[in-house]
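We have chain V already, so just place chain G on it with the hints.
Same order as they appear, the protein sequences are chains V and G. According to our numbering, the stretch in the first sequence is residues 16 to 467, in order. According to our numbering, the stretch in the second sequence is residues 858 to 1289, in order.
Keep in mind that a hint or two might mislead.
What the hints assert, rightly or not - Okay, derived cross-link-like pairs now, DSS-like style, lysine-lysine, Cα gap no bigger than 27 Å in a straight line: (1) V:Lys442 / V:Lys309; (2) V:Lys442 / G:Lys892; (3) G:Lys1105 / V:Lys467.
It is worth saying that the hints were derived from the structure and are not from the lab. This structure is a prediction, so every number in the text was calculated from the model and none was measured.
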Amino acid sequence: MRDRLFSIIQGLRADYIEVRLDESQSSRLAYRGERLEEAGRTAGTGGCVRALVKGGWGFASFNSMDRLADSAAMAVEQATHVGQGHSEFSPAQAVIDKVEAECKKNPLEIPLSAKKSLLDEYNRIMLETPGIQTTSIGYGDIRKKVTFASSDGSYIEQSRIDLNLRLSAIASRNADVQQVGLSIGSKGDFSTVEGLQEKVKAIAQRAVALLSAPEVKGGTFTVVLDPVLAGVFVHEAFGHLSEADHIYENPQMRDIMVLGRRFGGQHLNIVDGAAVPGLRGSYRYDDEGTPASKTYLIKEGLLNSRLHSRETAARMGENPTGNARAINYSYPPIVRMTNTYIEPGTTTFNDMIGGINKGVYAKDWYGGTTSLEMFTFSAGEAYMIRDGKIAEMIRPVVLSGNVFTTLNNIDAIGNDLDMNQGGGCGKAGQSPLPVSNGSPHIRIRNCLVGGK
Amino acid sequence: MEEILDIARRSAESVEVFRVTSVRTPVQFEANRLKQIQTKESVSVALRLVKNGKMGFAQASGNVPPADLVRMALETSQFGYQVNFDFPSLQSFEKVEVFDPQVEHISIDSMINLGQTIIDAVCSNTAGIICEGSISRGTATFEIASTGGGHASCKRTNFSVSMDGMLVRNGDILYVGDIRSSCRPIMDPSPVAGEIIRQLDLARSNAPIKSGTLPVIFTPFGVAGSLLAPLISAFNGKTVLDGASPMKDKKDMVIFDRRLLLTDDPTIPYQPGSTPFDDEGMPARRNALIEHGKVAQFYYDLHTAALAGSSSTGNGSRSGGMPSPSIHALVIEGGKVSQADMLKDMKEGLIIEQLMGAEQGNILNGDFSGNVLLGYKVDNGEITGRVKDTMVSGNVYQLLKEVLAIGSDSRWIAGYVNTPSIYCPAIAVAAK
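Okay, chain V solo, but in the shape it has when bound (with noise of 0.2 Å):
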């Protein structure tokens, strides 16, 4: 395959090429109610062509493999069709390589059946808890491997193992219908799924308890995040605005976002990096051959870098960071993120929530998205803190903040560092791509918090 892989490259006229190869299995279980309602298994192959030519881009992907030399000659054609100037693309040491899959508790060698029972106990535990309606359970585990070539002379190949769970229990009186979820995620380690029996009841306990639990009404509210809600505000908030392909091209925004420009208090420090070991957004190489690292997008408060590609990189006269990602073979890679965090602080909970009169504490996530500038994310869980002390549960809030302002508005940071892999991220259509993100608990003031 490598000397296929090259000569058609080689035989092409172009300033940049790249194929990506796909091969991926996955399964799937998932239940409504007590019924399983899709045991099903996936196969497929596929592939890309991805070609740079006088700035202009051309890409071209495909099922079957005896498309690959047709769309490799059509991507050059097309990327020759749109460009008009000269081609900007960090250039890269060739690297030979191959990435065996990480994998613990490898989700694969598990049977079906064995799958079946663990969701089923879990089924169970949810759907005998007095007051639950139904439940909701989706199951995945893929393994993947991708090829990579490229005309810097790289080969190679990665395979990782992905897995996720999403649990649901929801309950309902009359016509109010609340729900509780829980979703786990790991890189090819089956026993994260396991165990959670404790977990699984309480979110069951929960989603009925929300029933009687009142609304906040709306308004500006000092709020502490617990880690795994802090970990997708971070995502939200801040990784998306570093990633530089919202920058490169738009003269304003690269004087916004001006490296040194002060975002947030000196106890800030925000990194992102598929180098960070053993987490759902770990990977050896990015989707362009660029080397995984470990990017401190705000070091003590300021601006100190960003999320980058090869070609978003070269533009703005900076060093790959190795976040160029692309969900499969039908997408070209993109600027993504990968293990996004706030680093630790010295502030325990208690003192955190010991001097708020009243307050909101939000836990866990149900969404977030952003338009670069305001952001918004969901809380599963939420309190009201009262003189100090956390107090009722409350309907679970949706919050919002403004980049320009809330990080600043972060005025504490806990010494508990916990990160959250139950997530997927999505960006120009591609999506749910693995991403872990986390936090210690913060305390951010004068957050808007939506409500009736």
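Using the frame of chain V, we list chain G on its own:
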């Protein structure tokens, strides 16, 4: 397909094969100019089979031998659900126009020209705006065959135009945009350029807003982005069957404003959501979900319908897995009131164009809460500017129980929702 059917029928009681073949060519613009041309070819085959009365499922794309696909489906059938329906035996369907040969003949250069014309129009209206978007054409062929004798095949074209503008001004970021999609070529740049320019003109300055309760107009974009997700979930036969829908015991009851008509309509010619049959080979048809405020009908696929003692409404849909109920194209019937008249009626209020985060709340319950990504403040019947750092929260069922007016300004959003503006008496606003 025949080969898979033949291999599978040797070991299974009944078999169904679903195949989609597609090719799509997006032309992409970045930073106000052409950036990339793509060609995406895809073939995927999904196999459902019934073995010992139980459902097996496997799916493949690319070079996967038919025997492997059958083996995978047989393996999963050990765990599958007890099958309670037959694969349809239908072979002919009422014609729905979804193919226009013109689409395949649109040249790349004319797509480039269309995108660049839109960008130039927007840039000449507003200096400093950065546009990003795509013009895309594509063809997809859907085929279904089963051992029950059912056979369906349909070729569909698609043409779509999407453009977003980002304007950075005084440390303030504004997003505007439009998306249109059809089975026929969309070659006129003016509707998309005009819509973006309209949004830019309205958002030229920011207006202050205070926390409280205000009347609100959801524009067609606002309706599509804020109010529909909870209804789509609540009218899904599966949500109803599970008892997780607030509509579960409201069938035939009037719980919405009498003027409200909500229909799922896959029969409108040349709309991208239109189709003669669903992804299980059942005839797709027009279904009224809300009829003059009354909960008229829920939507079903074969499996869910059989469990619910109902029948398929032709809403079986596949998105990477087994079929499940899904809507084709939602149409909210337009009213008689112009947006200008709604505006005149408003002493102090809010117009919502885009709500960010609206689908991240408890959709099942009809709750939504989000940041007004694009919205305008109204004072004494006039738009006074864009609101920022503002959240609104509401419940779809409370909002739509009694509305002030339904607009005469219906339009398609991305080709899958057709809606007018809706003017509601009150929404909770939280502002900084």
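Structure-inconsistent hints, enumerated in ascending order:
none
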